[in-house]
Amino acid sequence: QAGATGNGESGEKDTVSFALQVGTGPNWILPISSPDKMATHNSAIKATMWPRLFEYNGVDGEMGWDKKASAAKSYEFSEDRKTITITLNDLDWSDGTPVTSRDVEFWYNLVRFNGEKTGGYSAGLMPDNIVEFTTIDDKTFSLTMDKVYNEEFLLGNQLSLMYPMPQHVWDKTSADGEIGDLDRDADGAAKVLDYLFSEAEDMKTYASNDLWKTVAGPYTVKSWSDSGLVELTANKKYTGDDKPNIDNVKFLPFTSADAEMNVVRSGDVDYGYVTSSQLTNEKQFTDLGYTIEPWAGWSITYMPYNFANPEKGSFYKQLYVRQALQHAIDQETISEVVWHGAATPDYGPIPQTADSNGLSDVQKNNPYPFDLKKAEKLFTDNGWVKGSDGTLECAEAGSGAGQCGEGIAAGAKAEIVVTTQNGSQETDNMMAEIQSSLAKVGVKMTIDSKPLDTVLTQAQECKTGSACTWELVFFGTAGSWYFPPYATGERVFAKDTKWNAGQYDNPQAEELVQAMAFSTDTEIAKKYSEFLATDLPVMWMPNPVYQVSVVRDGLDIAHQDPGASFLPQRWSWTK
Amino acid sequence: MSTTTIVMRTLTPRQRGMRRFLQNKLAVFGIVTIALFLLFCFLGPLIHPTDQVHTDLRSTMLPPGSPGHPLGTDDVGYDVLGRLMVGGQISILIGLAAGILATVIGTLWGAIAGYVGGVVDTVMMRVVDAGIAIPATFLLLILSAILRPSVPLMICVIGLVSWLVPARLVRAESISLKSREYVLALRAMGGSHSRAVLKHIVPNTVGTIVVNATFQVADAILLVAYISFLGMGLQKPATDWGAMLTSGITYTYAGAWWLIFPAGFCIVLTVCAFNSIGDGLRDFFDVKGRAA
Amino acid sequence: MSVVDAAQSAQKKERAGGPRFWWYLLRRVGQGGIVILIVTLIVFALLHLAMPQGPAAGILGMQASQEQIDAFNKENGFDLPLWQQYIHFLGQLVQGDLGDSFKLNRPVADAIGQRLPKTLILALISMLFALIIAIPMGIFQAVRRGKAADYALTTWNFIIYSTPSFFLGLILVIVFAQWLRLVPAQAPQGESVGEVLANPAGLVLPVLTAALGIIATFSRYMRSATIDNLSEDYVRTARAKGTSVAVVITRHVVRNSLTPVIAMLGYYLPVMFGGMIVVESLFNYPGMGLLFWTSAQTSDYPVLIGCILVIAIATVVGSLLADIIQALLDPRTREELS
Amino acid sequence: MSDALLSISDLKVTFRTEDGAVDAVKGIDLEVRSGEVLALVGESGSGKSVTAMAILKLLPRTATVTGSIRLSGRELLPLAESDMNAVRGSEISMVFQEPMTALNPSMRIGDQITEAILNHRKVSKAEAWERAVDMLRRVGIPDPERRAKSYPHELSGGQRQRVVIAIALSCEPQLIIADEPTTALDVTVQAEILDLIRRLAAESGTAFLLVTHNMGVVADIADRVAVMFRGTMVEVGDTRTVLTAPREDYTKKLLSAVPSLPDVASVVEREPESDAPAAVLAFDAASVTYRRGGRPFLALDGVSLRIAPGEIVGLVGESGSGKSTLGRAALGLLPLSGGTMTLFGEKVGRGGVRGRRERELRGRVGAIFQDPGSSLDPRMTVGEAIAEPLLVQRRRFPTSAAQRRARVAELLDAVELPSNYASRYPHELSGGQRQRIGLARAIALEPELIIADEPTSALDVSVQAAVLQVLRELQEKMHFACLFISHDLAVVHEISDRVAVMLKGEIVETGSADDVLLAPQHPYSRRLLASVPVPDPDKQALRREARAAALAAAP
Ligand SMILES: Nc1ncnc2c1ncn2[C@@H]1O[C@H](COP(=O)(O)OP(=O)(O)OP(=O)(O)O)[C@@H](O)[C@H]1O
Ligand SMILES: Nc1ncnc2c1ncn2[C@@H]1O[C@H](COP(=O)(O)OP(=O)(O)OP(=O)(O)O)[C@@H](O)[C@H]1O
Ligand SMILES: [Mg+2]
Ligand SMILES: [Mg+2]
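Chains as they are written, first to last, in this note's numbering: chain A, 1 to 575; chain B, 1 to 292; chain C, 1 to 338; chain D, 1 to 555.
Only chain A is shown next, with the shape it has when bound in the complex:
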């Protein structure tokens, strides 16, 4: 019923249906998000209507600037590399007004005066790091930054957050309010954003509200239901180069992966997904007229060690312990068997799923290959012996050579607890496998599985000052961390950042992390990659694909963006 109605035998195919992942029903339209509306599909859908200033993606197979889909046409750095001058493409809003520098300034003002309210805001970075916004003309403006930034970082991770927004329609504080330059002072900007937020709270009106009809991208909303069924239709007034091939795009929400698969099997979805266990029998789907295409993510997957755990922290602080544990993870086999090939081994902080010049050889070649003997030896060389139950016990307490290390008492047992997200068979199986390997080494692992949100909350416990009892957490069933185009670690591995949940603290690493953003050294990423791959701030784990897509034969979807975005305007029917 809800499938691709346009796919019948009859004539032109002008519709495509796309299955949304479970629980990702789109629920936000405004390019500026509120913090709780950060679902990935929201931004992908928004970007088809309000193109980003700099669209970075990997639809060409490599993470890079996608000029066609961006609002910016070109950029130029000043001598001191602090100022960047940007020229806009010849885009028009759907009401005929051209997209201008003022529209970019409008975004800048709203976010600059409302940082706390907006999702993805992080103090000190965008837009706090812009010291001056200078409008040169309608299509040109320049930004002066507070520091010199790494160019890739600035464009890919910072300026890509900006959207030109239709100031001439949105700069008001009520439905029938005057349009003015309200955004230019803090008070006005707050009111304007509040108004826009309140309109965006009402999903039922997304298709009818005039605000959202002013778009500059290839698509516009046709319908948007409460349950998250969204239909886009081509923006007839689109003036850019990224014209859509298929007029109507339907995003179908699902209640469970089982339900989605049943629908796929009934042939009612053009572009869906299946669980990776289906890869054991691909033929099932090729017979039904689908092609299976795993969608790799620009992500890494890992389990933070809780160095701050009052009891176990000192255990994890021992590098030999982390090395031994890492040696016990058979990433290749787990990826191949448990994930049925829908995961790739991941040995360090730079995603290994797409080519990138940041990947060091050390990380690529796995400094700690699967070797249970070596793992056990690392323990026994450091003062551990196997107890009667087969679990290692610290026999030689102390911090000297051949001793267990500082803070580990004699008689302490090698026991670890992994708090893991539930609901995924692959994750469960992976944990069972790791548990089994560790048991062979002599490490007793307990698995505690919880819903993802609970896991995330628990991971923050130490930071919020409540009990800090977790030891390792896993929240990577669909990848632990998705990077912006430039895979920096300042939000994961920097000393004081929020998602350094285990409070990893190594001055050398800290220096490298900071350099990623500010150094102009093109080799900096490789150094960073090499150091973190060997120092093991976290346990590196196989990185699962974003999803295992099934695509109807005849639908060309180009390359699937590792950044988990999609550009439906590039999809086309070939037969």
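Careful, some of the hints might be misleading.
Think about it this way: if two alpha-carbon atoms lie no more than 30 Å apart in a straight line, the pair counts; the simulated DSS-like pairs of lysine-lysine are [what the hints assert, rightly or not]:
no. : chain 1 : residue 1 : chain 2 : residue 2
1   : C       : K74       : B       : K25
2   : B       : K178      : D       : K504
3   : A       : K222      : A       : K73
4   : C       : K74       : A       : K191
5   : C       : K74       : A       : K495
6   : A       : K463      : C       : K74
7   : C       : K147      : D       : K12
Take a look, some chain C residues computed to stay more than 12 Å from chain B by CB distance [claimed, not checked]:
no. : residue
8   : W22
9   : L208
10  : P331
Simulated from the structure, these hints should not be mistaken for laboratory data. Built from N, CA and C at the ideal position, the CB exists for glycine as well.
We have chain A; now place chains B, C and D with the ligands onto it with these hints.
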């Protein structure tokens, strides 16, 4: 006495009930099935020893009949037949323990509420109503977000969501029993309330209790399966039939029937068997409605 | 006339509809209120004991800053002592305000208001369908007690009852949607009840999955109620009048046997809703059950509490209705009503 | 024999049961003639009901019936079910014992009568309804038009029994089989129903086969009597002959066990009640209130009563008058809502002694209840049941297990049961034996007062006689006082020293047993007394007239 001779010749209600129980073919089937399952689960591992602790990623998803794996292996390389045995141990154990826990709590709660009556009864029964008004699956889902699933925990959780029905049943009986003349006689001779409840009321609801307990066990085994389905199952290497079924279902379209049907079959059969026993016990304890 | 008669004639003056009935109704509603209060206590305690640090980190996700989390906690009152939160929550509840969902970008009442009708319609159809089958089946079994047909149906019912519904649903999908391709594998996708009803083929499998279990349960109830009634004295009286067995059953027994079955219906509601989680997730039918499921996964407390409350209220109202229907069917309980 | 309406010959009924075959009826012959009332008597389990049900072929499928049952010469046994349905209700109807359950609770009584009519007469619904209303009028239901629309629970027991009779009459059958139609009713109501039957038999010439175990009823109404004993027919004959000059031993035994009131003596001058100061139990203006559906109901209304040591006080009154309530209050099972109660000279209840002291006093009171089935816990052995008071009061009378065992044996001996019965369960005993166990339990602590609530009303007359005998002997030995509650005036007369009559929660008359039962003062006492049928046809005829006169005299 004239009637004595007749009485002497006839069977006691117990024997009579036994005979009636044995006449109930389904009940006999239930007993036999449970006995066979107990043998299979608890003695089976001696005959067919398998490693149910360590995974073996080199021999996953082997079809039935593979050497050493009469029922094949699952997606991390556990032998399915051996796993059915250990899973069965846990399913049956949780089922029995949770059923008994629920019955004990429910019986005491219901007996006291019914016996004491008045405001106490009202309050106690409102608590039961409140418990009934919250779907058990809902409670389980919330609890799953909080607690680490383990066998004792599952027993407690299932016990705690299933004592409500026995409480209602026992209360109803308790109300009628407390006005029985032997209870009145006890109170008239100065007997304590606790003696009335424990010595007279509870033992006389034994029929209801036992019949209900078997149904509780059956329901508990099903609930264990639902819990796994809802994502609160036991962590490997521990398992139960529900967890096996749930994980097997993922491979439905991969043609791995041996991961689905044996576990499904075991659940259906044991639950059926416990229900049949309950049905037979109903006849055993209850003479009502035998005529016509 | 004896004392008994005098007492009875006094009661006769006040039958259903009299002031006593209203008093009874009032008392029952009051009791229902207490039940709901206890429900809120249980749920509230459970949620907050479960996650003392609140749901913020989970809700706001990995990208949120600590300041945003603090602001979120302040806005939602998670920084207050527990009892104050509870009082506040009750205060809002009394005003009919269920609060706003953390995740869904809408008020809880709205979210439930949209999902509830869908679940209700599915539940109602399943229930009706199930009862239409279960009641005659139970009667048939009672009449044929101990015969082969009774055994066969009992066995069938046991098997259905013993099959976890997710397994049953899967088998139905494989057989009817994928092998035979008779009906679609997913439920109707419309937003409104009308749209759902417009696609009866899509309803077949979800209804069947939900109903088979109900049939198994209620045909057992009906069977034993009928057996009980068949041994009542009034059946003998009716037969002594020369009424044939078939007429005795249809005219006398059925009605009296329905009473206990209807009493069960009220209490079956929560079970029914619980079962809907499975049906909804299996057939891609976003109703209340699923709303609850996703909310439990995402710690969306207001929605969780809202759902449980709605169901608790439905159950309280349901059992009250069941009692009233029971009274309509059985004049004896009218006595109890007064 | 040609005038026989119904003739049964060599009727045998065998039940298949789990314990093997049960021969319930072992080849009996019986005849019912047109227009006569034939009473079928015998003790419980003798096969009366089975015979009655066999005639209508309403026995369960487990029964095998052989012999011959002919109605006006037509053999009934081989008839098919549908042909039998034409007979049931139309030619033979049946009235059952329990008026409370014999009617469909969820059907208007008018409809239940109409159903019988529509089953056999080709009339319209409206006509049938009219006829049903007419039937109700005939059986003496006031305001039949309105009553026809009532449900059974809205009627009193007596009225319900009338409705059942109306159903039986509705198609003017030749024979009505009534199985204990009055056993569940009060004597006064029973008298009304018997009057009704007699009138109908006379008016419409319908024959009645009346199953009963009450010889008074037989004397009152029957033309002929058939006596059954364990499935056989012992004696059949004219009522007067059988009751006054029985031939068979069994009949004689049966009749001798029936207690009866002596003839009404001339009104004696009464001595004023002397206030014995040392009453073991005294009620003073005591009231008890029940809450029914949230409303108070005054079940005892300012009752004053005292029982002297060693005295047996009988308490009579019709159903619902508050006899049991009084007994329970005396046992401390119910709180008084007004007035006072004194036990052994000490005030108990509100404002009186409490706690352990009160429990001690209670320990000096024993209790016996009506139903031998439910007064013993089915899951306790006889020994445990008798020892329970010793166990409960072991603080006052410390006993060892061995002592208790010895005492149980002693007590069993006292109630004339072998001591090995201690290990039996109640279901392994007969009703009379069970009641003796109740007695043994009541006297275990050598009480000074026993409250006995209808201790024999569930027993057969012969068994009742034996139990009463034991009770009397024990009382002579132990000299306990006793409150003896019963609705059987003859039994009360036989055993009590003094008698109190209750009506609607009040005691309307007290005095010595002879005074109250032979020369009642209060009109209600008189009516009650006149309603009791005596098992002597001639005396009963006189009493009937006296009762009619009393009723006519009453406003
Ligand atoms: N359905 C039955 N199955 C087996 N035995 C039965 C059945 N009905 C009656 N009996 C037996 O038949 C015998 C006669 O029973 P019946 O009911 O005729 O006694 P009764 O004379 O009417 O006694 P009461 O005065 O107690 O009513 C009893 O021993 C009884 O146990
Ligand atoms: N628990 C109770 N709650 C409410 N009313 C009661 C209760 N017990 C008895 N009654 C009422 O009190 C009145 C007296 O009852 P009681 O049992 O004392 O009568 P009785 O004289 O013993 O009658 P019977 O001869 O039928 O045993 C009756 O109208 C009865 O309905
Ligand atoms: Mg009888
Ligand atoms: Mg009484």
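Hint check results:
1. In summary, the hint linking C/K74 to B/K25 is not supported, as the alpha carbons are separated by about 64 Å, beyond the 30 Å threshold.
2. Restraint check: the Cα-Cα separation between B/K178 and D/K504 comes to about 26 Å, which is no more than 30 Å; the hinted pair holds.
3. The straight-line distance between the Cα atoms of A/K222 and A/K73 is roughly 29 Å, inside the 30 Å bound, and the hint therefore holds.
4. Only pairs whose Cα atoms come within 30 Å are accepted, and C/K74 paired with A/K191 is accepted, the gap being roughly 21 Å.
5. Using a Cα cut-off of 30 Å, the hinted pair C/K74 and A/K495 holds, with the two alpha carbons roughly 27 Å apart.
6. About 18 Å separates the Cα atoms of A/K463 and C/K74, which keeps this hinted pair within 30 Å; it holds.
7. The hinted pair formed by C/K147 and D/K12 meets the criterion: a straight-line CA distance of about 28 Å does not exceed 30 Å.
8. Under the 12 Å C-beta cut-off, the non-interface status given to C/W22 relative to chain B holds; the minimum distance is some 20 Å.
9. The claim that C/L208 is not at the interface with chain B holds, since no C-beta of that chain comes within 12 Å of its own (minimum 17 Å).
10. The claim that C/P331 lies off the interface holds: its Cβ sits roughly 21 Å from the closest Cβ of chain B, which is beyond the 12 Å cut-off.
The earlier numbered hint that this structure contradicts is number 1, and it is the only one.
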